[in-house]
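Chains as they are written, first to last, in this note's numbering: chain A, 1 to 331; chain B, 1 to 147.
Because the hints were derived from the structure by calculation, they are not lab data. Hints may contain errors.
[As the list claims (entries may be wrong)] No farther apart than 35 Å at their CA atoms in a straight line, the calculated lysine-lysine pairs in the DSBU-like style are these:
| no. | chain 1 | residue 1 | chain 2 | residue 2 |
| --- | --- | --- | --- | --- |
| 1 | A | 34 | A | 145 |
| 2 | A | 111 | A | 13 |
| 3 | B | 49 | B | 31 |
| 4 | B | 9 | B | 128 |
| 5 | B | 9 | B | 77 |
| 6 | B | 49 | A | 34 |
| 7 | A | 62 | B | 31 |
| 8 | B | 32 | B | 49 |
| 9 | A | 62 | B | 32 |
| 10 | A | 34 | B | 46 |
| 11 | A | 145 | A | 62 |
| 12 | A | 34 | B | 128 |
| 13 | B | 128 | A | 306 |
| 14 | A | 66 | A | 111 |
| 15 | A | 310 | B | 9 |
| 16 | A | 145 | A | 306 |
| 17 | A | 145 | A | 111 |
| 18 | A | 66 | A | 145 |
| 19 | A | 306 | A | 66 |
| 20 | A | 13 | A | 145 |
| 21 | A | 76 | A | 62 |
[Stated by the list, open to error] Quick list of simulated restraints, FRET-style, between CB atoms:
| no. | chain 1 | residue 1 | chain 2 | residue 2 | range |
| --- | --- | --- | --- | --- | --- |
| 22 | A | 27 | B | 10 | 36 to 42 Å |
| 23 | A | 296 | B | 30 | 30 to 36 Å |
| 24 | B | 16 | A | 190 | 31 to 37 Å |
| 25 | A | 27 | B | 26 | 55 to 61 Å |
| 26 | B | 91 | A | 202 | 56 to 62 Å |
| 27 | B | 29 | A | 130 | 47 to 53 Å |
| 28 | B | 13 | A | 10 | 56 to 62 Å |
| 29 | A | 311 | B | 20 | 32 to 38 Å |
| 30 | A | 3 | B | 10 | 52 to 58 Å |
| 31 | A | 2 | B | 16 | 27 to 33 Å |
| 32 | B | 10 | A | 330 | 51 to 57 Å |
| 33 | B | 17 | A | 72 | 42 to 48 Å |
We treat Cβ as the ideally placed atom computed from N, Cα and C, and that holds for glycine.
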Amino acid sequence: METLFYIIVAAVKNILVISLLLLFVAYMTLVERKVLGRVQVRFGPNRVGPFGLLQPIADGIKSFTKEDLVPAEADKPVFIIAPAICIFTALCMFAVVPFGPSITFLGRQIKLVVADIDIGLLYVFAMATVGEYGIVLGGWSSGNKYGVLGSLRAAAQMISYEVSLGLIVIGTLILAGSLRLTDIVEAQRNVWYICYQPFAFILYLIAGLAEINRTPFDMPEAESELACGFNIEYSSIKFALFFMAEYAHMITVAGVATTLFLGGWLGPGPSFLGPIWFLIKVFAILFFFVWERGTFPRMRYDHIMKFGWKILFPLALANVVVTAFVVALWR
Amino acid sequence: MAYILPLLKGLRLTLRRFFSRPITIQYPEQKKPMPPRWRGMHYFDKDEKGETTCVACGLCVAICPSRCISLEIGERKDGTRYPLRYEIDSLRCIFCGYCQEACPVNAIRLGEGYEYVHFHREDFILDKAGLLAMYAPKQRNTSEAKK
């Protein structure tokens, strides 16, 4: 009976999280286009349905019905599996992000997180790295020069920024003393870590942008120079999968930032408001991601590398050292 | 600091833009008023009887640089001339407005219409009836009347 209950709860949580995540991914594209439109003093999509609310559905139908093309030069199995890797990891990553406190349901405690594992943060980083393989393989297997260039850039950028990203979160780990994301949130019950680690929060957002290949770090798919980069040969739903993976990854990065620095589901009011607080914080960060996309131009490739290794990396390292010192002296 | 400040300024600017009103004109629902000297689709001026005031002098045919006007001259019993057949091929027309300039009786005019989309090529040829029918909705006349 206990096992059955466990399985049912796990299945329900899985389906709920995946479907909600895909829904948010779909509507994130609309939000992005709307916000970018308003930043550029225009409306954004407003023709399909009221306020353009059915636009994601129209986009989905369109991408499903387009011709699915595999170039003759492509390495076919890798070409097909690359977008699958991307979307799989991007969706999996969200599993460890807690979106609410434990609730009591039918006399049992249910944690509002799909998988509350001990090494949650490590899992996030591992999955993010595997997700980059999708991009690298996708560009590599296309048999296209622009695709290969995009993949090379993705690989280089991933290596340089993931080091910093790992160092940045160590500060919060030192404070919380755990890799389990629910523990990290609980440790912020009094003070959110953004108060202790404001620099780390900013650095995390910057490195996170580089991690999800977003403007101003969207080197792998720089439209103006690589003509779309790694996904140049992809069409139809495969292209849509890359796109969805990017947005799912973006939502996860925002979710992890919320968990690590903004106190996750914590907020005033009764505990069942937890998921709502979580969503509000995540959307604030997502809004920032769109807002900065409407503001900043793409950085030059060598500048990105220089910034990653010469500025971000030392700052992240300094943050770790200072945090460690302060914590060691305090306790 | 010298590097970060411009970034923040940019963010402030885009945020201000975000909260400003979009300047887009929602075209099919909302239409931009045309400037008074806009040279759009042709129309015939009407007299009291609702007929064209054209006297079929042929000056517009002569001056038209793209030769899109074709005219057949008719003559009434009292000796006045009128266009038996008057056609403008609007696909050939370059909307220079010379016909309007040349016309001694101000019969042919260029209106404000700029939406001429049809399914068939023949529909682009404006004949006398078509030119007279185009007369009605011209705001241009009202703006001229104000002067």
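Hints and how they fare:
1. A:34 - A:145: The given pair, whose Cα atoms are some 33 Å apart, holds under the 35 Å limit.
2. A:111 - A:13: Within the cut-off at roughly 10 Å; holds.
3. B:49 - B:31: 32 Å, holds
4. B:9 - B:128: Violated, because 61 Å separates the two Cα atoms, which is more than 35 Å.
5. B:9 - B:77: The given pair, whose Cα atoms are some 79 Å apart, is violated under the 35 Å limit.
6. B:49 - A:34: It is violated: about 54 Å lies between the C-alpha atoms, which goes past 35 Å.
7. A:62 - B:31: At roughly 30 Å apart (the allowed maximum being 35 Å), residue 31 of chain B and residue 62 of chain A satisfy the hint.
8. B:32 - B:49: 33 Å, holds
9. A:62 - B:32: Status holds; Cα separation ~32 Å.
10. A:34 - B:46: Not OK: residue 34 of chain A and residue 46 of chain B at ~49 Å, beyond 35 Å, violated.
11. A:145 - A:62: 27 Å, holds
12. A:34 - B:128: 48 Å, violated
13. B:128 - A:306: 72 Å, violated
14. A:66 - A:111: 41 Å, violated
15. A:310 - B:9: 24 Å, holds
16. A:145 - A:306: With Cα atoms ~24 Å apart, residue 145 of chain A and residue 306 of chain A stay inside 35 Å; holds.
17. A:145 - A:111: 47 Å, violated
18. A:66 - A:145: OK: residue 66 of chain A and residue 145 of chain A at ~24 Å, within 35 Å.
19. A:306 - A:66: 40 Å, violated
20. A:13 - A:145: Not satisfied, since the Cα-Cα distance of roughly 42 Å exceeds 35 Å.
21. A:76 - A:62: Distance ~24 Å between residue 76 of chain A and residue 62 of chain A Cα, so the pair holds.
22. A:27 - B:10: 36 to 42 Å: For residue 10 of chain B against residue 27 of chain A, whose Cβ atoms are near 27 Å apart, the range 36 to 42 Å is violated.
23. A:296 - B:30: 30 to 36 Å: 32 Å, holds
24. B:16 - A:190: 31 to 37 Å: 36 Å, holds
25. A:27 - B:26: 55 to 61 Å: 23 Å, violated
26. B:91 - A:202: 56 to 62 Å: Hint holds: Cβ distance 60 Å, inside 56 to 62 Å.
27. B:29 - A:130: 47 to 53 Å: 49 Å, holds
28. B:13 - A:10: 56 to 62 Å: 48 Å, violated
29. A:311 - B:20: 32 to 38 Å: 34 Å, holds
30. A:3 - B:10: 52 to 58 Å: 56 Å, holds
31. A:2 - B:16: 27 to 33 Å: 57 Å, violated
32. B:10 - A:330: 51 to 57 Å: Roughly 38 Å apart at Cβ, these two residues miss the hinted range, so it is violated.
33. B:17 - A:72: 42 to 48 Å: 46 Å, holds
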